[in-house]
Amino acid sequence: MSRAEKMEQVGEIMGNVFDIDMPPISESTSAEDIEEWDSLHHIRLIVAIERRYKVRFSNPEVESMNNIGDLINLIEQKLGR
Amino acid sequence: MLTNLEWLPPPPIDFRSRLKVLRAEAAGSLQARFLERLTALAATALDESQLTQLAGIARLLGARAEAVHGLSNVTLGLAGDGTLSLCVAPLVGSGFRHGLRLDVVEGQYNSAVQEATDPVSCMHLAGLDFVLVASDLRLLGLDRAATSPGDADAKVAEAFGRLRLIADGLRRSVKSSILVQTVVPPLEALFGSFDRLHPGSPFAMVAALNRRIADWASEGAVVVVDIARLAADVGLETWHAPHHWHASKLPFDPMLVPLYADVVARTVAAVLGKARKCLVLDLDNTLWGGVIGDDGLAGIKLGQGSASGEAFVAVQQMALELRSRGIVLAVCSKNEEDAARQPFRDHPDMVLREDHIAVFQANWTDKAANLRAIAETLNIGVDALVFLDDNPAERLQVRDALPMVAVPELPNDPSLYPRMLAAGGYFEAVAFSDEDRERASYYQANAQRAQALSSSGDLDAYLASLEMVCSIGRVDALTRPRVAQLINKSNQFNLTTRRYSESQVEAIERNPARHAIQIRLVDRFGDNGIISVIIADKANDTWTIDTWLMSCRVLGRRVPEAALNHLVAAAKAEGARWIIGRYIPSPKNRMVANHYESLGFIEIQAGSAETLWRLDLEAYAGASSLPMQIDDGALAAPKVPV
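If you read the sequences in order, they're chains A and B.
Counting in our numbering, the first sequence runs without a single skipped number right up to 81 at its last residue.
Counting in our numbering, the second sequence runs without a single skipped number right up to 642 at its last residue.
None of these hints come from the bench; they were simulated from the model.
Don't take every hint at face value.
What the hints assert, rightly or not - Computed Cβ-Cβ distance ranges for the label pairs, DEER-style:
hint, chain 1, residue 1, chain 2, residue 2, range
1, A, Gln77, B, Ala247, 13 to 21 Å
2, A, Ala4, B, Asp436, 57 to 65 Å
3, A, Glu76, B, Ala247, 21 to 29 Å
4, B, Asn4, A, Glu76, 19 to 27 Å
5, A, Ser64, B, Ser111, 27 to 35 Å
6, B, His246, A, Gln77, 18 to 26 Å
7, A, Asp21, B, Ser193, 36 to 44 Å
8, B, Ser193, A, Ser64, 53 to 61 Å
9, B, Ala232, A, Ser26, 39 to 47 Å
10, B, Lys588, A, Ser64, 56 to 64 Å
11, A, Asp21, B, Gly299, 36 to 44 Å
12, B, Ile584, A, Asp21, 41 to 49 Å
13, B, Ala247, A, Ser26, 36 to 44 Å
Yeah, the Cβ is synthetic: ideal placement off N, Cα and C, and Gly gets one too.
Go ahead and model the full structure; you've got the sequences and the hints to work with.
Written out as structure tokens, the structure is:
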């Protein structure tokens, strides 16, 4: 699966978690760009990502994420590619 | 299995578009079968995001002027330790599986004690029906070992005292029950096996606290939600997520939120009397291996030392156990009736016998039609049925035709059928009375009465043949629980749909200005138990009926006439000249719109909100020769309670 496809998937997950029609996202999209993305929704987003990709993030990993690009990097790392 | 809610089918691919349609209707005008479509969508294995999206519909429905017929509006407070926010919306979404439109009021973070003791806190002002007290061992201080047995006792007492403070503080602002979670023990042992013996270990202290919570619930003060057991069922290793606790004070792994929410929702539903009442069983490959019509008695797999045979025996055993705690059993099978009944009669390894089955539908008609017939015969709603069938196509047909029937998924291996059925929690109960114990027999007897009626042509002859004994008595401590249950559950034969808690019923009993009676009916087929409750307010020369309800099990037996005979006698004995009856229409009680008219009352005031009726006691002739023996124990003056 290409990075672009992953980006689309993550966008879809975000749409479900935040319950909005997501605008297009990019590598640099972060919590500052999306109003609904508060601390509670951040936890829910991480949980939804963990469930979808069947991975687990540690606290240091979660804390190291600043934007979508970082998130996708971590997912790819966990999935072994 | 539990974590992924596998007893529920997966959500439809078009979940989001179905959701959008329901949302639009909830905000605008409800189309046909709205509740069925909503329930069908909710009764799938939704994840936390999907439950949250579904929760939005609850808010929209709450803003409507009229409640949705079939959905109970419930305000649930959530008070406790740690970050509970993640559970709020999923709780609301899960409510729709159980006939609830939930409004969840979340307490301030870690402020349960303050909110309980501050009389004008949000919790007190929220109009709560229920509150759930969710505590965590880490915030109760029980994660640190005690230094001595005395210290252990003190720590447990302090933790329990905190729960009591919260419950007692909130009690006057909670209309129905206070739900208290048991505390989940830690995964990590301090010593190992010795933890169980050492009173100061966190493990032992949590066990001691949970025992106290159970005792507290046994006294009737609170209702237990056994989250400690739920955590054990999924495994503490799965339950505990220390990194989530450290980062955000989440008390358990957030992937368990949908399971947790369903367990809480089903408990609230159980308190409201909305748990399921009847288990309908398919036969072939559900209660035995193989097809009886093809394989014959000797060919079906049941018992006899074979693995699958033993598995099916266990399924039957589970059904029998459920029956002994009051769940009614029925059969719904595509078979020739004789073939279907043969194993019940003749197979040595059958655990279930014909006597255990209240309604036996074996024919070639579609199952949905049969399920409707079963519900009608038992006089319960289809939303009280659980249908167990190994065949996915049959399950699909029933779910499509009757979304209100609970149809659990079943795995391929029959060894796991009992586990899957239990996982659904369909028959959750918060109390167990003698009435419950006997319920299966009541329904069975009722089905027999239905058969007797259809075979006798003459109604009066039929009624006389029932040899009914009608016992009228005051409501008292012994009868109060059943009376309160009827008051809260009766919707159809209920003139005013007034709801009273048990403590309110107690106050009514003690009030000399009120006359409260319960009526019990026994007949040739069995004891129906208490089936009617009447409460009247006494004024100088007029008694006004506040509550008149009756169980639909005994319609057409002329019990209301017997009840009126009593009321007139009691009122006249105290010098009254009139009895006023009040009918308050509701979506469910249209059947009693003419109740007072049929009893000879005259309408004195009509209105859309209520109608008033009056009976002149002097002119009352009394119901002539009722086909029953009357034992009236409520006419003498009541003893003053000591």
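Consistency of the hints with the structure:
1. One distance hint, 13 to 21 Å for the beta-carbon pair A/Gln77 and B/Ala247, holds here, with the actual separation near 19 Å.
2. About 59 Å separates the C-beta atoms of A/Ala4 and B/Asp436, a value consistent with the hinted range of 57 to 65 Å.
3. Roughly 23 Å separates the CB atoms of A/Glu76 and B/Ala247, a value that falls within the hinted 21 to 29 Å.
4. Remark: the range hint 19 to 27 Å for B/Asn4 to A/Glu76 is upheld by a beta-carbon distance near 25 Å.
5. Here the CB-CB span from A/Ser64 to B/Ser111 is close to 32 Å, well matched to the stated 27 to 35 Å.
6. Here the CB-CB span from B/His246 to A/Gln77 is close to 22 Å, well matched to the stated 18 to 26 Å.
7. Taking the beta carbon of each, A/Asp21 and B/Ser193 are about 55 Å apart, not inside 36 to 44 Å as hinted.
8. A C-beta distance of roughly 40 Å is found between B/Ser193 and A/Ser64, which places it outside the suggested range of 53 to 61 Å.
9. B/Ala232 and A/Ser26 have their C-beta atoms about 45 Å apart, which keeps the hinted 39 to 47 Å range intact.
10. One distance hint, 56 to 64 Å for the beta-carbon pair B/Lys588 and A/Ser64, holds here, with the actual separation near 57 Å.
11. Taking the beta carbon of each, A/Asp21 and B/Gly299 are about 58 Å apart, not inside 36 to 44 Å as hinted.
12. In this structure, B/Ile584 and A/Asp21 meet the distance hint of 41 to 49 Å, their C-beta atoms being roughly 45 Å apart.
13. A hinted range of 36 to 44 Å for the beta carbons of B/Ala247 and A/Ser26 is inconsistent with their spacing of about 27 Å.
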